[in-house]
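Student: So in this note's numbering, the last spot in the sequence shown is 321, and the numbers never skip.
Everything labelled a hint here was simulated from the structure, so no lab data went into it.
Heads up, some of the hints might be wrong.
[Unchecked claim] With a straight-line Cα cutoff of 16 Å, these simulated EDC-like cross-link-like pairs (lysine to aspartate or glutamate) come out:
(1) K304 x D291
(2) K96 x D78
(3) K96 x E118
(4) K233 x D59
(5) K233 x E257
(6) K182 x D215
(7) K182 x E204
(8) K304 x E278
(9) K84 x D126
(10) K182 x D214
(11) K304 x E274
(12) K96 x D72
(13) K96 x E111
(14) K290 x E278
(15) K290 x D309
(16) K304 x D273
On a predicted model such as this, the values are computed, not experimentally measured, just so you know.
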Amino acid sequence: MLILAGTPIGNLGDASPRLIDTLRAADVVACEDTRTTAKLLGLLEVTERPKLIALHEHNEHEAADEVARLAAEQTVVLVSDAGMPAISDPGFRVVRACAEAGVTVTSVPGPTAVITALAVSGLPTDRFCFEGFVPRKQSDRARLIEQLGDEPRTTVLYESPHRLATTLDDFAAAWPERQAVVCRELTKLHEEVRRGTCAELAQWAGEGVRGEIVLVLAGAEAREVQLDEAVAEVLRLAAGGLRLKDAAAEVEARTGLRKRALYDAALAARSVGGAV
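Using the sequences provided together with the hints, build the complete structure.
Tutor: Shown next, in the form of structure tokens:
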């Protein structure tokens with residue numbers, strides 16, 4: 046069996062009794078850093094320490110099958126240095142290898158910075174997306190900003206403290222009035238939640254920021270779009286390979302126009318244009 050176990054993201058008190066019992070019962074613990082996990086086991090008073098094996102971003106591809114083999118015969122607990130494994134941390138390939146081998150995969154849920162930041166942000170939580178770490182390269186970051194320009198959902202991102210100011214400067218250049226929230230050192234002694242526009246937060250971050258950072262960005266406000274403009278976008282997406290119904294659904298999400306009306310108008314436009 047493979048057990049994905051969430052570990053505290055800062056406050057040791059967030060370790061659940063179930064997590065401690067699971068670690069005590071484990072035959073093997075696969076972890077990002079054996080030193081970090083050994084320290085955690087000591088703090089949680091797991092005295093009969095299970096075997097620790099390293100599973101990190103540099104060896105996960107090669108180690109996934111071996112961990113799956115172990116999990117077929119023993120209880121293997123997978124942890125990251127903090128939070129839920131497989132969420133911008135190693136784990137995805139191991140879970141896939143276990144699933145393909147018919148090994149049971151379960152979870153001991155625990156803290157995760159993504160959901161914690163979203164919950165305390167004060168931004169809409171009914172629909173959201175997670176983009177992982179903001180790209181380091183300027184060109185990749187520019188591509189992300191273009192993609193998020195019309196994204197109606199709240200977006201959660203990870204960023205390093207020394208790149209936060211640059212990222213917020215880029216966000217502010219694209220959307221100065223768009224609301225955002227910087228969550229710093231969540232659950233730790235110096236936890237801080239800073240809210241404001243992208244421009245305001247960029248100015249604040251320019252003074253220097255320390256600690257673990259989660260950035261939460263408000264969704265783009267729906268702009269009023271004329272039906273013919275929206276239909277043209279449906280046809281463009283359909284020409285790119287989407288089914289017409291799927292293209293209409295995507296444009297509905299962006300514009301608020303009814304999918305059925307978009308589909309019927311696009312179908313009519315195709316007929317006029319001679320397309321099948």
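Student: Hint by hint, note whether the structure agrees.
Tutor: Consistency of the hints with the structure:
Among the hinted pairs, K304 with D291 is consistent with the structure: their alpha-carbon atoms are about 9 Å apart, no more than 16 Å. At roughly 13 Å between alpha-carbon atoms, K96 and D78 fall within 16 Å of each other, so this suggested pair holds. Restraint check for K96 and E118: satisfied, since their Cα atoms lie roughly 14 Å apart, inside the 16 Å limit. For the hint linking K233 to D59, the alpha-carbon distance of about 11 Å falls within 16 Å, and the restraint holds.
With a CA separation close to 10 Å, the supplied pair K233 and E257 stays within the 16 Å bound. For the hint pairing K182 with D215, the CA-to-CA distance comes to about 12 Å; that is within 16 Å, so the pair holds. Restraint check: the Cα-Cα separation between K182 and E204 comes to about 13 Å, which is no more than 16 Å; the hinted pair holds. A distance of roughly 13 Å separates the Cα atoms of K304 and E278; the hinted pair therefore holds under the 16 Å criterion.
Distance check on the hinted pair: K84 and D126 sit about 11 Å apart at the alpha-carbon level, within 16 Å; holds. Distance hint between K182 and D214 is fulfilled; the C-alpha atoms sit about 14 Å from each other, no more than 16 Å. Of the supplied pair hints, the one linking K304 and E274 holds, its CA atoms being roughly 14 Å apart against a limit of 16 Å. Annotation: proposed proximity of K96 to D72 holds, straight-line Cα distance about 6 Å (limit 16 Å).
Taken as a hint, the K96 and E111 pair is honoured in the structure, with Cα atoms around 14 Å apart against an allowance of 16 Å. For the proposed pair K290 and E278, the alpha carbon gap of about 13 Å is at most 16 Å, so the pair holds. Restraint check for K290 and D309: the C-alpha separation of about 10 Å stays at or below 16 Å, so the hint holds. With a C-alpha separation of about 13 Å, the suggested pair K304 and D273 falls inside the 16 Å cut-off, and the hint holds.
Hint check: no violations occur; every hint is consistent with the structure.
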